[in-house]
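*Asks:* The opening position of the sequence shown corresponds to residue 1 in the UniProt record's numbering, with each subsequent residue numbered one higher.
Watch out, some of these pointers could steer you wrong.
In silico lysine to any residue, SDA-like type, Cα no more than 25 Å apart, as pairs [said to hold, decoys possible]:
no. : residue 1 : residue 2
1   : Lys55     : Asp34
2   : Lys55     : Leu38
3   : Lys55     : Asn70
4   : Lys55     : Asp39
5   : Lys55     : Tyr99
6   : Lys55     : Gly91
7   : Lys101    : Thr75
8   : Lys55     : Arg100
9   : Lys58     : Glu46
10  : Lys58     : Asp34
11  : Lys55     : Ser44
12  : Lys55     : Arg102
13  : Lys58     : Lys101
14  : Lys58     : Leu72
15  : Lys101    : Ser84
16  : Lys55     : Ala65
17  : Lys55     : His78
18  : Lys58     : Arg100
19  : Lys55     : Glu71
20  : Lys55     : Ser76
21  : Lys101    : Ser76
Derived Cβ-Cβ restraints for the label pairs, each shown as a range [unchecked claim]:
no. : residue 1 : residue 2 : range
22  : Asp85     : Thr108    : 32 to 38 Å
23  : Ser84     : Asn61     : 39 to 45 Å
24  : Asp43     : Val106    : 36 to 42 Å
25  : Arg100    : Ala47     : 32 to 38 Å
26  : Arg100    : Asp43     : 23 to 29 Å
27  : Val105    : Lys55     : 17 to 23 Å
28  : Asp111    : Ser88     : 15 to 21 Å
29  : Tyr99     : Asp40     : 21 to 27 Å
30  : Leu38     : Phe107    : 28 to 34 Å
31  : Glu48     : Arg102    : 20 to 26 Å
32  : Asp34     : Gly69     : 31 to 37 Å
33  : Lys101    : Ser37     : 40 to 46 Å
34  : Glu48     : Lys101    : 17 to 23 Å
Hints in this document: simulated from the structure, not taken from any laboratory. None of the values given here were measured: they were computed from a predicted structure. Glycine included, C-beta positions come from ideal geometry on N, C-alpha and C.
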Amino acid sequence: MIISACSNNQESNEEKDDQSEEAPRETTQEVVNDPPSLDDLEDSPEAEYIRYGEKLMKETNTVMADYVGNELSCTSCHAEGGLSDASSFVGVTTQFPQYRKREGVVFTIED
C-alpha cells in the first residue's frame, strides 16, 4: 500500500527564496547600564554596600581570603566590574529564579 499527500499550495520555490531573504527580526534589546561614579554617591547605608561591592570585585583575594585560593579577583574575568561585554553581570537578574536540573532545585539570585 502506498499513501501520499498533496497540497494545493502553488507557491513556487522562487517565492520561498524571496521570503528567506527578508531581514532577520531583532530578538534582543540592548541593556543600557550607566551607573553613577562612586564619588557621586551620597553617604548612606546603601552607598556603603555599593562601595563594599566594588572593593569585593577588585580586591576579592583580600576581602574574601578564606574563599579565594589565588591572587585573582572577580575583575580578572568580569572586566570593568562586570559592566563590559566580557562576562557581563548586566541583566543577570533576569535569569533568576532558575531551575537547575542537575541539582533538582530552584536557585534565586541571592543564592
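*Asks:* Are there hints from earlier that the structure breaks, and if so, what are their numbers?
*Replies:* 5, 7, 8, 12, 13, 15, 18, 21, 22, 23, 26, 27, 29, 31, 34
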